[in-house]
Amino acid sequence: MTTAPRAGDRAILSVPALGSLLQALRDDGHQLVGPTVRDGAIVYAEIAGLEDLPQGWTETQEAGTYRLHRRDDDALFGYALGPQSWKQFFFAPRVRLWQARRGGNETFTIVEESGSPPRLALIGARSCDLHAIAIQDRVFLREGAEDPDYAARRAGTFVVAVNCGQAGGTCFCVSMKTGPRVSEGFDLALTELLDVPHRFLVELGSARGAALLGRVVSAPASDTDRVAADEIVERTARSMGRTLDTGGIKELLYGSYEHRRWDEVATRCLACANCTLVCPTCFCATVEDVTDLTGDHAERWRRWDSCFTLDHSYLHGGSVRSSTRARYRQWLTHKLATWIDQFGTSGCVGCGRCVTWCPVAIDITQEVAAIRAPEGPKDEPHGES
Amino acid sequence: MTSVAATTVPSSPMAPRPCRVRRLTRETHDTFTLEIDPGDQARGFAPGQFNMLYVFGVGEVPISVSGDPAERRQLVHTTREVGVVTRAMAGLRRGASIGVRGPYGRPWPLESALGRDIVVVAGGIGLAPLRSALYEIVARRRDFGNVVLLYGARSPEDILFRRDLDRWQASAGVVVSITVDHAIGAWPGHVGVVPTLIERAPFDAANAVALICGPELMMRFTADALRQRGVATERIFVSLERNMKCAIGFCGHCQFGPSFVCKDGPVFAYDRVERLMELREI
Amino acid sequence: MESLEGILSGHAFFHDLPPRYLELVVGCASNVRFDGGDFLFRTGTEANHFFLIRHGRAALEIAAPGRPPLILETLGEGEVIGWSWLIPPYRWMFDARALEQTRAVALDGKCLRGKCEADHDLGYELFTRIAHVMERRLMAARLQLLDVYGTRP
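Protein chains in written order, with my numbering: chain A, 10 to 394; chain B, 6 to 287; chain C, 180 to 332.
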């Protein structure tokens, strides 16, 4: 490149060049985290390079279903989303908060945590997941009140994003205005071009991205390439499996606390908490205070929690939300309505994971549609039931 | 070659400060008061706020401060023994360490009551966080109009802070009315729920500010009685409680509709929370 | 000395009662006074009066064998005790004991029942006011029943 590259510029990367780019990130001291096949799914884990990516793999997703199967090409990012998101890397599922040591006369002292988490480079982040990270940033990096563990893990993260070449089937980013095109929160964004030669159109998202790209071999992007990449993303946008009408959704849900639909979904929901575990924005946590057998050493740990547990709302001998009905209502109302008042955006990015990973195939888009629909006459009880 | 600098995790807002227990006083069969030496890092507090108190190896609970906000060398909390942590707390001896995090929460809005009548309505242990407010009100007595305390307890044996009640009535210009839900014949005072005291309490409803603390049902009935008497619901304040793990707006447990009780409350204006308080399992 | 009519119309229960009804009611009214410890009425006796408390306090009590009497509620200035005079079989279900010197206006139940029979508009007026008192007592009793300060099992 003769002129210094800027954000918004595009270039072409060959597959080996992408491999070099990943190596350059490692040389800089980043720990690469990206997609890899494990336990019958594509999960995010520490990776070494291209060789760990799910090359030639794709998945079929529907409500309550996820199946991996082989593609008939060598696409490196030819799938949509696995059960996990990037939140596990910034909002750790289990983390020790501090230790305490007993002294004489029933006193104790606190020992704070030290040590620094590794700098991460996210490889293959989708637009919906980048919006989710931004949403969790608003939760954990509030002005004047930061979660120090989240801030430490999040600082300096490098993002190599990917524009989705296919819709996941259960996702609805177009409805939530979170994709499929990557638009923010990235350093480099790739669109995989699968015709010969197998290559990537890369868009620069930041000065850091430009600097990194400058260290590997790239070629200028032709107009044909740009058009091809845009068409891939537009085709993905046209093939969304679901929609969610977000018009007036806050007022809708605030006015629906006694809607019959909650009773109906409660007959299906198992309160298993899968949806909250796979959701990229859910942030509930609990603390565990533990001691060792001698009783001289105590620790406090923070771990993920879910509003679907009975204990979540425990108060004075009972839970405020003891019914499944109330807990499902809390989750959905929080995700799509009260979140807006709390943080200024929706809590949902339309990734579809809660739909795919619900064991009884509850679909958030269907539930919202049902609550929007005018309430029909109550069904008369059947004689035989 | 650029390299990235490592960052260490800074001092955690979830780490308690070990403080020493000065004294533990039994108030009633199930309620006790803990006086704590806040040490060098005394933070002070405003009436209505709470601290998270940690008992080594057992756990941490939110407890309202019940002491005098002007007394910065002492942290006082009054609590009922209701669970594992409070029961362990009741066994702490003088000199033992107790972890303190806080103070947290939105306090009673005394500034909005300047020049107005104040009606303080306490139910049961609800008198504890209101005692802090009354200490401050009494210290600045001339800033306010009529000050009335209506206090309901379960039975005469459950009445808290009798010395404070007597002193406020006798020499601080506070009209104190006490009632109990249950009594036997020897009790010479009021018997009946606390909202029944509202109708005849000596305050000007049109300009009054009300501070209510107690079980949620008691607060609802009381707020309704105050509203019927003509007190504006935006000038009625309640103190809510929910499960708390972090007290700093991260863990998500204390959500009440869109509010986090730990940082948007625990004190709320009644007009803002009335509707949610009427819904089940919110 | 204030007239009985003046006392009646000044009491919260008869607040805003139109003068023509006041004239009817005053014919059934008389001033009474109880010393602390005196009973205003006893369980099981005929309910012939109700009382508008002007000054002082009375406790509604019930006694059961083997335990001291339980106070259900105390009522004071501006309040009303007793409505069993309105509803057959016209018998008191509780004791009412003055806790201190208490001055009240006693209203003769038989006298009032007679006048209500003769003038249904007066009856409607009285029943409306008593219904209001009962509603508030019921709400208070329900809240008492909920034992909100008690420990949950």
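Please note that the accuracy of each hint is not assured.
Said to hold, decoys possible - Subject to a maximum C-alpha distance of 16 Å in a straight line, what follows is the list of computed EDC-like cross-link-like pairs (lysine to aspartate or glutamate):
# : chain 1 : residue 1 : chain 2 : residue 2
1 : B       : K268      : A       : E376
2 : C       : K294      : C       : E202
3 : B       : K268      : A       : D239
4 : A       : K259      : A       : D350
5 : A       : K186      : A       : E273
6 : B       : K268      : B       : E246
7 : B       : K268      : A       : E243
8 : C       : K294      : C       : E304
9 : A       : K259      : A       : E376
The set of hints was computed from the structure by calculation and includes no laboratory data.
Each hint, compared with the structure:
1. B:K268 - A:E376: Answer violated: K268 of chain B to E376 of chain A is near 31 Å, above 16 Å.
2. C:K294 - C:E202: This hinted pair holds, its Cα atoms lying about 11 Å apart.
3. B:K268 - A:D239: Violated, at roughly 45 Å.
4. A:K259 - A:D350: holds, 9 Å
5. A:K186 - A:E273: violated, 29 Å
6. B:K268 - B:E246: holds, 12 Å
7. B:K268 - A:E243: Violated: K268 of chain B and E243 of chain A sit about 43 Å apart, past 16 Å.
8. C:K294 - C:E304: holds, 12 Å
9. A:K259 - A:E376: holds, 14 Å
Hint check: violations occur at hints 1, 3, 5 and 7; the rest are consistent with the structure.
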